[in-house]
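Number 466 marks the last residue of the sequence shown (the working numbering); no jumps.
If you're looking for bench data, these hints aren't it; they were derived computationally from the structure. Keep in mind the model is a prediction, meaning the values are calculated, not measured. Mixed in with the good hints there might be a few duds.
Claimed, not checked - Straight-line C-alpha distance at most 30 Å; calculated DSBU-like pairs for lysine-lysine:
(1) K324 <-> K304
(2) K243 <-> K197
(3) K219 <-> K263
(4) K26 <-> K403
(5) K289 <-> K304
(6) K138 <-> K160
(7) K138 <-> K162
(8) K66 <-> K403
(9) K304 <-> K243
(10) K194 <-> K243
(11) K243 <-> K226
(12) K235 <-> K304
(13) K46 <-> K289
(14) K226 <-> K263
(15) K160 <-> K194
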Amino acid sequence: MINKNLILILFFLVCTESLFSEYPFKPVSPFPSEYKQFWFLYQSEKRLGEEEQIFRPFFSTYKETKSNYRYNTFLFPIYYSEKTDYWRVWSFLFFFSGTETYHDDIGWDEDTLSPLLIWGKGETARESYFGFFPLYGKLRGKASYSELNFALFPLYSNWKYKNYNAHGILWPFVMWGGSEVRNDLRIFPFYSHKIHKGKYERYSVLWPFFQWGNINEDKREPFTYKMFWPFYLSKDSEFGNMKARAFFWFPIIGSLFSYGYDKRTHEKDLNVLFFLFQYGYNDDEDYRKLILFPFYGYYRFAYKETRFFTPFYFRLSTDSHHLKSSETYFIPFWWRTNRTYVQWGREENYYKLWPLFRWHEDREGNLTWNFLSLFPIKSELVERIWDPVWSIVEYQKLSNGEKRLSFLMRLYTQRWNEEELHIHVPLLVEYSSTPEKTSYQFLYGLFGLERSKDKTTVQIFWWIRL
Numbered sequence: 001m002i003n004k005n006l007i008l009i010l011f012f013l014v015c016t017e018s019l020f021s022e023y024p025f026k027p028v029s030p031f032p033s034e035y036k037q038f039w040f041l042y043q044s045e046k047r048l049g050e051e052e053q054i055f056r057p058f059f060s061t062y063k064e065t066k067s068n069y070r071y072n073t074f075l076f077p078i079y080y081s082e083k084t085d086y087w088r089v090w091s092f093l094f095f096f097s098g099t100e101t102y103h104d105d106i107g108w109d110e111d112t113l114s115p116l117l118i119w120g121k122g123e124t125a126r127e128s129y130f131g132f133f134p135l136y137g138k139l140r141g142k143a144s145y146s147e148l149n150f151a152l153f154p155l156y157s158n159w160k161y162k163n164y165n166a167h168g169i170l171w172p173f174v175m176w177g178g179s180e181v182r183n184d185l186r187i188f189p190f191y192s193h194k195i196h197k198g199k200y201e202r203y204s205v206l207w208p209f210f211q212w213g214n215i216n217e218d219k220r221e222p223f224t225y226k227m228f229w230p231f232y233l234s235k236d237s238e239f240g241n242m243k244a245r246a247f248f249w250f251p252i253i254g255s256l257f258s259y260g261y262d263k264r265t266h267e268k269d270l271n272v273l274f275f276l277f278q279y280g281y282n283d284d285e286d287y288r289k290l291i292l293f294p295f296y297g298y299y300r301f302a303y304k305e306t307r308f309f310t311p312f313y314f315r316l317s318t319d320s321h322h323l324k325s326s327e328t329y330f331i332p333f334w335w336r337t338n339r340t341y342v343q344w345g346r347e348e349n350y351y352k353l354w355p356l357f358r359w360h361e362d363r364e365g366n367l368t369w370n371f372l373s374l375f376p377i378k379s380e381l382v383e384r385i386w387d388p389v390w391s392i393v394e395y396q397k398l399s400n401g402e403k404r405l406s407f408l409m410r411l412y413t414q415r416w417n418e419e420e421l422h423i424h425v426p427l428l429v430e431y432s433s434t435p436e437k438t439s440y441q442f443l444y445g446l447f448g449l450e451r452s453k454d455k456t457t458v459q460i461f462w463w464i465r466l
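Go ahead and model the full structure; you've got the sequences and the hints to work with.
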């Protein structure tokens, strides 16, 4: 069971990405755009209800006016923020973060988390908290607890959940706590017990060497377990339907030899030589596992499946009512993702041959590809901000019918659709041809010429028009 959970965690860490964000971070509407560009350093785009500006690679901002949603970045991934009229989120290096949420009854509440400084505020003193780790802190509503307190941590700590109240001195060495149904005591490593009436009883002496207890007492078939670490572990159900044994077990790497079965769910597991050989199946949960590490591995749980050949080649798939996907990674050189969003009837395709080439066709129907993509993993936002800095060729086919082509870090760019053509050569030439007029600008407006059906206008020194 431990190995199965570890594989699930690794699976989600490797393959999980935001599958369908409620808000985009770039213009995606099918309406015509008003676009400006200066080399790779700057671009601005406006569509009906959407605005974007990028001062590459320093700053970018996107706004969607219907929901008043805004997304900002600064040297992404160093900093980003997004907000609406009802919530705000920001992150610095994904290490410091803050959230704000608006409630109709109490207004705004705010939470800020960092490795040392933590604070939050609401409309009342009860909803406000502050902490400067490890000196002092009084936190509320964090880590699933109603209240967390500490002073000179780990010298003293206290936490509460509903009627449960616990204290720690030199945590985790000494801890005691309880409520009407719970009783916990730990004097590490000599003795500990955790008792929840009608649910579980856990004991240890000279932890981690001797551990035993009863669990799932409120379920149909309770379990008992015993551990003489690291030599022997056992787990048995009350009526004999489940049995598990492990010999020479260690955290993360597993056991030298272990086996187990559950008659009710038709599950069987076998591990040999720690994590090197693993086999298991469960018919009720559609669970299958066969691992011959590091050469081959297959794992399936419900609608998710993964295979690997050597630690560098992975194939992942999902087949659910909402999402069907297939992903292949040959780390770090090849990334392929194909996704079908069933409820929207949309597809997304992504290919990257690092560091040479990237192809992305998103669920809105926008197609982008470019030569030279130096960020080694898939991240549409990082690639959107940074790839133009070093791209040799870029091509875009957008959902509004417009196409864009650039060469040599946007030293030359042209945009066109069925009726218009625009050409940008930074500092030298700006050319624009529309059904209404044709215009030329040289040296960014030092000299220009504009022709329409009615007249011809000459521009000199930026402001003189003849």
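Here is what the structure says about each hint:
| no. | hint | verdict |
| --- | --- | --- |
| 1 | K324 <-> K304 | holds, 10 Å |
| 2 | K243 <-> K197 | holds, 24 Å |
| 3 | K219 <-> K263 | holds, 16 Å |
| 4 | K26 <-> K403 | holds, 16 Å |
| 5 | K289 <-> K304 | holds, 12 Å |
| 6 | K138 <-> K160 | holds, 11 Å |
| 7 | K138 <-> K162 | holds, 16 Å |
| 8 | K66 <-> K403 | holds, 26 Å |
| 9 | K304 <-> K243 | holds, 27 Å |
| 10 | K194 <-> K243 | holds, 23 Å |
| 11 | K243 <-> K226 | holds, 12 Å |
| 12 | K235 <-> K304 | holds, 28 Å |
| 13 | K46 <-> K289 | violated, 51 Å |
| 14 | K226 <-> K263 | holds, 20 Å |
| 15 | K160 <-> K194 | holds, 16 Å |
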